[in-house]
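Going down the list, the protein sequences come from chains L, R, P and C. Note that the first sequence covers residues 491 to 763 in the numbering used here. Note that the second sequence covers residues 691 to 898 in the numbering used here. Note that the third sequence covers residues -6 to 250 in the numbering used here. Note that the fourth sequence covers residues 25 to 221 in the numbering used here.
No lab work stands behind these hints, which were simulated from the structure alone. Be careful, since some hints might not be right.
Stated by the list, open to error - 25 Å max Cα-Cα, derived BS3-like pairs, lysine-lysine:
(1) C:Lys169 to P:Lys29
(2) L:Lys707 to P:Lys250
(3) R:Lys692 to C:Lys104
(4) L:Lys603 to L:Lys724
(5) P:Lys(-5) to L:Lys652
(6) L:Lys567 to L:Lys530
(7) C:Lys44 to P:Lys145
(8) C:Lys106 to R:Lys692
(9) L:Lys724 to L:Lys539
(10) L:Lys567 to L:Lys724
(11) C:Lys169 to P:Lys18
These figures come from a predicted structure and were not determined experimentally.
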Amino acid sequence: MKTLQNIDRRIIYLLVFLALAVPMLQPIGLPFGINESSQKVYDLVDALKPGDVLVLSFDYSPSGQAQLDPQARAVMKHAYSKEGVKIINVAFWPSGPLFADKFLGEMEGTHDKVYGEDYVSLGYVAGAETAISAFGKDMHQAYPRDRHGNSIGDIPMMRDIKSAADVDLMISFGTGTPGVPEHVRQIVTVYGTPFAVCMNSVSVAGNIPYYNAGQMKGYLNGLRGAAEYEMMMKEPGSATASMDSLSFSHLTVIIFILLGNIAYFADPDRKKK
Amino acid sequence: MKSQGLMIAITFVFALIIIIDAFFAIDFISAASTEIQNWGTIIASLALALAAVNLIRIHSRRIRLRRGEWYNSVALLTVMFVQTAIGLVNRSTGEVYNFGFNNIMTPLGATMYALLAFWIASAAYRAFTARSIDSAILLVAATVVMLGNAPIGESIWSAFPSIKTWIMDVPNMAAQRGIMIGGGIGAIALGLRILMGIERGHLGGSDE
Amino acid sequence: MKTGVVFQFVSLLIVCIGIIYYIQKARNGTTYVIRKIAGLEAIEEAVGRATEMGRLVHFSPGIAGLDGVTAAQTFAGLETLGMVAKLVARYGARLFVSIRVAIVLPLAEEIVRQAYMAEGAIEAYEPECVQYLSSQQFAYAAAVMGIIQREKAAASILLGGFWAESLMVAEAGFHAGAIQIAGSANITQVPFFVAACDYVLIGEELYAAGAIASGNPIKLGSIAGQDIAKLYAIILLVIGILGATAGSNFLVDLMGK
Amino acid sequence: MIGTWLAAIGTLGLMSFAIKENPFYRFVEHVYVGIGAAHSVVMGWESLQTKAFTPIAESGDYIKLIPLLVGLLLYARFFKGKIWLSRYPMSILVGIGVGLTIKGTIGAQIVNQIRATLVPLTSINNIIIVLGVLSVLMFFYFTRKNTNALFNTSSRIGRYIMMIAFGALFGNAVMGRMSLMIGRVQFLLGEWLGLLG
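Assemble the whole structure, with the sequences as input and the hints as a guide.
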């Protein structure tokens, strides 16, 4: 039993790596259902009508990219396919605008939205919670220019959009601070803007009270949430393809916890408390 | 003008403008609140380069004195200067800048924390034990949530996702809400201590 | 007054007045009793055990710095360090304090030195027992793991702001067979501490522990004031829930005003 | 092509830490810190253009010179004896931050959370929620005697309910961390080696 507990770390690492890599090379395609919270995000986007204003806020950095990129890709594709919906891309994390640019580049030619008329990229403004509050209060003062240097007053679609009160749905792609609490404090509580979140898994448990209280209308949970969105769009992508790896890596961790506990309780020398 | 009293007064006035604006509809306060929030974003923009200046100081000293792995410091500063120059000329929308962002910054940032997958597995095996009621409850709940999250859980027993949802939405929600209310009160108390001039960590200041 | 925020405003006033009142009272000499915090009481046992075994007591005040919102956690950690160092000096155990943020180093050194002095054991104080390891998160964690394993630490006390490195350090301590006492206000890291450590301070318990260890009257007063604010929340909850159960939503409506 | 190779070398460099801390890892880490700092500078500069230079130059909004000049004082901390100057911009930032926290927290995290908990005790779930919120609040009630039976019992319940919540957090953290590694493995096997269909 002692040897079981003293097994080299690197063997554990190797097993995890295999649990992730093998199912990618030999997929099984285990089925999975759609969580209600994810369905709500989809329904909110789907219910947008021509003329409605959608804000997409990119609040993550490269370290969250593995979970957030597939979510953002799927949600953006859905949003840009909605006719007549006006979309504002913003960012309160410095890497955000570059991710938004990347997806817009990928989607070029797949939608009929015109820059300035139907969508706009406002880019990044520093200041975290302060910037979020300033954006909610007066977008024209918070963003005198868009990401491409155009004066915001010259952008046709922004003429009637002044504050968060004019927004019909706000979605944040977020992995930390500033993130959900900051948006809820400075936007949702003040303007009552409907708000949904695509977030990394670690953040989910702590933000559930906002969901229960209706401050957050729906959420996607990490890579699994992205896969569910892909399924709802009926366009399985990289997230769906990784679900088998997710399954086997979880199984590995659960088995490790079991083995570790067996070894621990079978060890006669374990310190008595 | 080194007076800490003046600094605390500044902090107090700025906070007060924002708080009053939140509860009362007074035109000039509202305008002032909008203006100072935009000031805040300007100062915060300037603060973004502080880390870079700090790095220049630390690493140029290390290179000068040939201390430790000074060649890594050369690499750090070179990459920093080159990418900054590209960004200032090419802007962050430019192709060259995005090459660095997409092929260096993004993969490295993503990998840095990806290693946690290994560490959590190793800790799960070597350290996470149910030796008290607390840790036993935790590990059972964690296992159920994992089985509810991973598609394989549904294949084993179709009820796992709904049990997971219940754990998340009922006991987890209740506990997190209790923590959130307590934490919110704590945050207000910290704010008050700052405004009262008791907590002055940000005014204490120290080199670097 | 804007619409929909009247109740919020009144609540804010109640909370603020409660907190300010108790801080002022504490400043004028009133002392407050704080409930037992198991993790804090276990420190003496842990230090005693380390002395018997002749092995190391490891302490980390977390990886947060001295500014920003997370600074409060570092300060709470350093306040408990004062208590730990006194016990170590009293028992004649061996201490190692690992530091990640350079400006925390002189503070921690001073705290440990003062503790040895207060115990009249300054000749036993070794300056090298407080060390700056690395400013990089994972390099710091790797260094701490190395030390805990090499020295087979008998106790590992982790109190402060911890992030992703928490489970690496806790795993090392567990494997070395150390008594582990850990706490952080970063709730996301608490689960790993619960799974791998013997005593855990959850969230705000860290600040309470710091206040107890330092005896700082303003901190204690603030905690008492925050309790009054919690009592206000509890009262609202009880009244509102009883009302809702009896079929009346008066408080729900009132709170929306 | 060059980009993918660069990314792959960097990825493997950082992953080598899992085997052992090594010089190559430290090199890649330094490169990461360097490019990360550069990104902050560039985005800070662009943010400044949007927020200060444009309004001043184009709309004559000269009042924005104030935060610009005060903000520059942040750099006084790098000059011996002038550190105190850098505390002025800090006092402004802290003031705005405290104001936003106080006014935002009372509604979003306190009043609205309490309000959402005012449910009738007519279902098991509601009872658990009410009991959970109350007992956790009582767990964090510190100024009381250790002999208070009501508090002792309720805070023990609070502790157990928190353990379930921490279990949920733990379970989700596992998913999050595995997802991060999945992203890297997908990159290595797919984009780099071209092994995935």
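Tested hints:
no.	hint	in the structure
1	C:Lys169 to P:Lys29	holds (8 Å)
2	L:Lys707 to P:Lys250	holds (22 Å)
3	R:Lys692 to C:Lys104	holds (14 Å)
4	L:Lys603 to L:Lys724	holds (22 Å)
5	P:Lys(-5) to L:Lys652	holds (19 Å)
6	L:Lys567 to L:Lys530	holds (17 Å)
7	C:Lys44 to P:Lys145	holds (20 Å)
8	C:Lys106 to R:Lys692	holds (10 Å)
9	L:Lys724 to L:Lys539	holds (21 Å)
10	L:Lys567 to L:Lys724	holds (12 Å)
11	C:Lys169 to P:Lys18	holds (19 Å)
Checked against the numbered hints above, the structure violates none of them.
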